[in-house]
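Peer 1: Listed below, chain by chain, are the residues.
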Amino acid sequence: MNNFDFDVITRSVGYLFRDGMVFTMKLTLLSTAMGLALGTLLAMCRLSGWRSLAAAAGIYVNFLRALPLILVIFWFYFLVPYLGGWLTGAGRPVSVGGFTSALITFTLFEAAYFCEIMRAGIQSIPRGQTAAAYALGLNYWQMMANIVLPQALRNMAPILLTQTIVLFQDTSLVYVLSLTDFLGAGINVAQRDNRLVEMYIFVAVVYFIISFAASRMVRYLQRYKTLAA
Amino acid sequence: MNYNWNWSIFFEQAPTGGTYLQGLAMGFAWTIGTAALSWMLALAMGTLVGVARTTRLKWVRLLGAVYVEFFRNIPLLVQMFLWYFVVPEILPVALGDAIKQIVPPWGIFVPAVLCLGFYTSSRVAEQVRAGIESLPRGQSMAATALGLAPAQVYRYILLPTSFRIILPPLVSELLNLIKNTSVAFTIGLLELVGAARSMQEFSFQVFETFTAATLFYLLLNLIVLRVMLLIEARVAVPGFTGPARTAKKAKAIGEVATA
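If you read the protein sequences in the order shown, they are chains A and B. Residue 89 in this note's numbering sits at position 89 of the first sequence, and the numbers go up by one each step. Residue 237 in this note's numbering sits at position 237 of the second sequence, and the numbers go up by one each step.
Chain A extracted, bound-state conformation (with noise of 0.2 Å):
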């Protein structure tokens, strides 16, 4: 240990920012803002009066939240290729790079946990404001627009922001893949120059100040929600 080597990390620490973090950063953004708004369409499919919609989302959610990200990953990996050529007509699998496999992969299992958050959420709203709202002569998709949703993302934020956080660390999986999001960075480092230890070590600091920052904020949020309220 008292040849840790810190100039491994001050060497490639532009290289570990610029490319690794802005790549789990830019995952992480997307496929949040993606993921929550399927999962809000979702949640109003599951909460819909018709029957068979409400049943097709519920197995949706169900089924992606029983398996393992990982497996997940693998199976839109080796999906999407045919799904592309199915879709474009080409009749062969059409190649995807990396980022948009993982982007629809995260976009796609993310949407199943937003959408129980937002169902939650849609459901803390009083009912006789949906009635209200009909009786105003709104129709549905204004009365979600305007009335239901902006209410129950704002009482969802500190789960949804939590949520977040735990997508940001579980982008690192996307290192089944060999993409270089941040850990991947510094995983090629650390086989480049033979220093896994300080490597894994910092790679391991960052995450925990991010995530750890994030959640002190979301738990900030949180408090002042409540004396506002």
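Bear in mind the hints are in silico, worked out from the structure with no lab data behind them. We put the CB at the ideal spot given by N, CA and C, even for glycine. Don't take each hint at face value.
[Stated by the list, open to error] Partner residues are not named here, just some residues of chain A that face chain B (Cβ under 8 Å, in silico):
hint : residue
1    : A66
2    : P68
3    : I70
4    : L71
5    : W75
6    : F78
7    : Y82
8    : S172
9    : L173
10   : L183
11   : I201
12   : V203
13   : F212
14   : S215
Given the structure of chain A, go ahead and fit chain B onto it with the hints provided.
Peer 2: Showing chain B alone in chain A's frame:
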């Protein structure tokens, strides 16, 4: 689509010995074994740390909080690499070398179990703490007034009731743990995903392989849920946790909170 389906692949001989289906079944067994051992570690450590976070000693509470934050804010995959690559290096040389000498499956299995156990224990600890805090303060006061020592208050009064309350969220933690064992595949454990990857590389039948692995996970999920419902019914105290309906509701809340 020009993909050649071949469902009989499962009964063909794998180059690793036995049929492909036997290979997957072995992976399934490793998944169950890893999850079971890690769960015992997680329950033991989680209870200990959860109790620590509710004591009156300030430094013990702080220690518990540091423990939970440490394991919660580092990605599981990074923790797996820390246990496997880093821990043997930073221990005293003789001990580190002894660890590296452990024969193959166990040299991976042990760090995997430790990693998953400690990671899950931080989440169990939060549930245990929430369970204890949900009990009325009068319970521990009454117990103390009856002459019970602090350890006895936890052992006979607080923990038995807390565990009944937090059983549903603990079940979702167990299901999460089973899914998380797949991360041990990255350090070379041939659990279900590892076995599926190996089969897919040798047989080239990607979709059949992953379909089978998916079915194994769904099966395990169903079994755990069934068994846990039985346990829940078995340990229920009449009039305490209420009818099945409330338990269901608590479970829904727990699932959202721990998702």
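Peer 1: With reference to the structure, classify each hint as holding or not holding.
Peer 2: Hints versus structure:
1. Because the smallest distance between the Cβ of A66 (chain A) and any Cβ of chain B comes to about 5 Å, under 8 Å, the interface hint for this residue holds.
2. Because the smallest distance between the Cβ of P68 (chain A) and any Cβ of chain B comes to about 4 Å, under 8 Å, the interface hint for this residue holds.
3. Hint status for I70 (chain A): holds, given a least beta-carbon distance of 5 Å to chain B, under 8 Å.
4. Below 8 Å, beta-carbon pairs count as interface contacts, and L71 (chain A) has one with chain B at about 5 Å; its hint therefore holds.
5. The closest approach between the C-beta of W75 (chain A) and any C-beta of chain B is roughly 5 Å, which is under the 8 Å cut-off, so the hint is satisfied.
6. With 8 Å as the threshold, the beta carbon of F78 (chain A) comes within range of chain B, its nearest partner Cβ sitting at about 5 Å, so the hint holds.
7. Look at Y82 (chain A): its Cβ gets to within about 6 Å of chain B, closer than 8 Å, so that hint holds up.
8. For the restraint placing S172 (chain A) at the interface with chain B, the shortest Cβ-Cβ distance is roughly 4 Å, inside the 8 Å limit, so the hint holds.
9. At its closest, the beta carbon of L173 (chain A) sits 6 Å from a beta carbon of chain B; the interface hint therefore holds under the 8 Å criterion.
10. Among the interface hints, the one on L183 (chain A) holds; its C-beta lies about 6 Å from the nearest C-beta in chain B, closer than the 8 Å criterion.
11. Annotation: interface hint on I201 (chain A) holds; nearest CB of chain B at approximately 6 Å, less than 8 Å.
12. A hinted interface residue such as V203 (chain A) counts as satisfied when its beta carbon comes closer than 8 Å to some beta carbon of chain B; here the least separation is about 6 Å, so the hint holds.
13. For F212 (chain A), the interface hint holds, the least distance from its beta-carbon to any beta-carbon of chain B being 5 Å, beneath 8 Å.
14. For S215 (chain A), the interface hint holds, since its Cβ comes within 8 Å of a Cβ in chain B; the closest pair sits about 7 Å apart.
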